[in-house]
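Enquirer: Chains A and B supply the protein sequences, listed in that same order. If you count by our numbering, then the first sequence holds residues 23 to 275, one letter each, in order. If you count by our numbering, then the second sequence holds residues 649 to 1150, one letter each, in order.
Derived by calculation from the structure, the hints in this document are not laboratory data. Just to be clear, a hint being listed does not mean it is correct.
Claimed, not checked - Pulled a few chain B residues facing chain A out of the computed Cβ check, cut under 10 Å: (1) F691; (2) Q811; (3) L812; (4) A822; (5) M825; (6) E870; (7) R874; (8) M875; (9) I925; (10) L926; (11) I927; (12) K928; (13) A929; (14) I930.
To be verified - Straight line, CA to CA, 27 Å or less: simulated DSSO-like cross-link-like pairs of lysine-lysine: (15) A:K148 with A:K105; (16) B:K933 with B:K1022; (17) B:K1007 with B:K976; (18) B:K976 with B:K933; (19) A:K41 with B:K953; (20) A:K105 with B:K922; (21) B:K1022 with B:K1007; (22) B:K953 with B:K975; (23) B:K1022 with A:K105; (24) B:K928 with A:K155; (25) B:K1007 with A:K105; (26) B:K933 with A:K76; (27) B:K933 with A:K117; (28) B:K975 with A:K223.
Cβ coordinates follow ideal geometry from the N, Cα and C atoms, glycine included.
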Amino acid sequence: MNSTPVIDIQNLTVSYHRKPAIRSINLQLKENGIIGIIGPNGAGKSTLLKAILKLVPIEHGTIKVLGQPVDKVRDKISYVPQKEIIDWDFPVTVKDVVMMGRYAHIGAIQRPSHRDRKIVDEAIDKVSMNEYKNQQIGNLSGGQQQRVFLARALAQESEILLLDEPFVGVDAATEQAIIDLMHTLNDEGKMVIVVNHDLGKVQDYFDHLIMINQWLIAYGPTREVFKPELLSKTYGGRLTILQKTERLFGVAQ
Amino acid sequence: MMYDLFIEPLQYQFMQRALIASVMVGVINGALGCFIILRRMAFIGDAMSHAVLPGVVIAFMVAGKGHIALFLGAVFAGIITALLIGFVNRNSRTKEDSAIGVIFIGMFALGVLLISRLRAVHLDLQHFLFGDPLGVSPGDLWLTAIIGMVILGSIILFYKQLQLTSFDPTMATAIGMNTALVHYFLMGILSMTIVASLQAVGIILVVAMLITPGATAYLLTERLPRMLMLASIIGAVAAIVGLYISYWMNYSSGAAMVIVVTLIFLLTLVFAPKQGILIKAIQRKRAQERHLKDDILKAIYHLTKDKKDTGIETIADYLGTELPMLKKPVQRLKQAHLLYTPDGRTLQLTENGEKQALKVIRSHRLWETYLTEKAGLGWEHVDEEAERLEHDLPDALVDEIDERLGYPETDPHGAPIPKKDGTIRETEDHPLASLQVGESGIITRVSDQIPEVLATLWKAGLVPNVQLTVTERDNGVIHIQVGEKKFTLDNNATSRVMVKKV
Chain A
23 MNSTPVIDIQ NLTVSYHRKP AIRSINLQLK ENGIIGIIGP NGAGKSTLLK
73 AILKLVPIEH GTIKVLGQPV DKVRDKISYV PQKEIIDWDF PVTVKDVVMM
123 GRYAHIGAIQ RPSHRDRKIV DEAIDKVSMN EYKNQQIGNL SGGQQQRVFL
173 ARALAQESEI LLLDEPFVGV DAATEQAIID LMHTLNDEGK MVIVVNHDLG
223 KVQDYFDHLI MINQWLIAYG PTREVFKPEL LSKTYGGRLT ILQKTERLFG
273 VAQ
Chain B
649 MMYDLFIEPL QYQFMQRALI ASVMVGVING ALGCFIILRR MAFIGDAMSH
699 AVLPGVVIAF MVAGKGHIAL FLGAVFAGII TALLIGFVNR NSRTKEDSAI
749 GVIFIGMFAL GVLLISRLRA VHLDLQHFLF GDPLGVSPGD LWLTAIIGMV
799 ILGSIILFYK QLQLTSFDPT MATAIGMNTA LVHYFLMGIL SMTIVASLQA
849 VGIILVVAML ITPGATAYLL TERLPRMLML ASIIGAVAAI VGLYISYWMN
899 YSSGAAMVIV VTLIFLLTLV FAPKQGILIK AIQRKRAQER HLKDDILKAI
949 YHLTKDKKDT GIETIADYLG TELPMLKKPV QRLKQAHLLY TPDGRTLQLT
999 ENGEKQALKV IRSHRLWETY LTEKAGLGWE HVDEEAERLE HDLPDALVDE
1049 IDERLGYPET DPHGAPIPKK DGTIRETEDH PLASLQVGES GIITRVSDQI
1099 PEVLATLWKA GLVPNVQLTV TERDNGVIHI QVGEKKFTLD NNATSRVMVK
1149 KV
């Protein structure tokens, strides 16, 4: 392993309508291990992921991924967006969605090959969604929907996975399945970065933490940075551990 | 008859051309319209159809009625419109829908203005606005065919890009697709489609041929390829039927096509097998009936256990419904051998009836427990909520709730929860009212139906497993003592608190 960072962020500033969302962040990510991004609402967690992919206008700074500008390595990054932005009534099946993960590798006017189909089937299998393959995605539960998007990321066969709030609205079994998959991928040498807002399980899930509140507060091994001083610096006075109310209603159809 | 209606008109060449043109227009619009709908661009579709007018008119002024010129003029105007809308939206506070509204009416007005100057050279405004398929020339036909092939070809070739940018533009951008390019490309082929449709339906009505077939197909399928096929077929059928109606009855053809396609949409809306209003109403009614039947079984179970009468009047009373409402469901329950009437009047549960009642009670009481313990709902409100949640749940889900709660014995009000195997351990208990002065009892459960009573008891600490002693009774009012505290309960409360004598 050489010492070129997998993701190299220099002096990054991102603003929405002149209001800064991220200010002057410097980050070099090269460590092996699952990386969590934590911070309060509006801290720029999702924005940081999107900036890596240049999905938001970058006001200032540079980002290199695998030593290159992101446009050259887009096929090596997969991104799992927040569930809220998806139109669940869209006429696509589980298989269709997972196949989208292959689009980065299929030529502009080419059709999916036999190999693409095989990879899609395997990805669906890995998230145990085999029996729902031909279901329209709106007919699935919250956890199942998240699995489908995870399978799509797997089918992309990328080096880097960026997951935005993957644990929101999923059942316990899916949460565990996501964690297991993240570990498998990490063992295969892939970088996994996860935006998470629930502090409860941070210590169990992540090897490294990026703590931000517009500014970068800390980056390091979880056991070193998940400390009261840094947490209160990240969350300001707003750190109230909210009672987590489990919601089971999503399961009933 | 069929021959006269459909074949005979085809001996005229103009009718043949009109038919071919209309079918092509129906298919192209139907297919392209699917993407317009899925991208929620119906309004842009309308805008574009109006906005191409000045392009067409200017082309006509410059080049006369040459097909290629008209076509280029329309595409040019279409692209300008799309760019202008984007520009206004990005560079001002104007929201996209306002930008569309401003630009397209402006463009349309410009077109009308130019046409009004052209009246001298007999360019018929009507012709652009409402179409005239019977006037389709061989040249028009070729133009439509070429545009049609370009559009269907693009949809087939760039299916992946169109699908992904419509479904998840963020991911599309993330893997390097140029979403803006796809957008403008779509605007381009949309302008082309509109030109191709000018002759058949005209500018004003083309948006219906674009949107309605897709919207109809969307009600019928959950697969995009099927939606594209269906929308094309619906578009073609509407075009053909509309054309014949206009031929035989001398109506405006564009209007006839749009009326037909709108009727198809309305019929689908009502009768669609999955999304239809009718089937949904039937399902809702069936669900209501099923829930009422569950409630009747439950009521009989409770009344029987409390050794009360189980005549149909008592049950109606218990459920707070009108007697006639119960007649049909009770009849059905008898036919299903869940109920029987040993003496011709009182209703009794059969073995299967009791099983079903216990299943619903299990679901109800588990939900109550779940809602108090896990969701933090108040003791007094969970009954109403559970009443809504208890029906139609798959057994596996109920078992899962049971497991998550650690297989509780009783619900928050102290009532026993039936087990998975359908058994229940009913407690031997009596109403508090049956205790005599000096006797003591342990509260086993509290009847869960009236929130106010429950709330009062909860505040007073009169909950299951609390021991109390009756100190005095007069006129239905009972004085009790719990530890150091003394309470006075009226018969509203004493009939609902159940105790086990000690």
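Enquirer: Tell me the numbers of any earlier hints that the structure contravenes, in ascending order.
Expert: 1, 9, 10, 11, 12, 13, 14, 16, 19, 25, 26, 27 and 28
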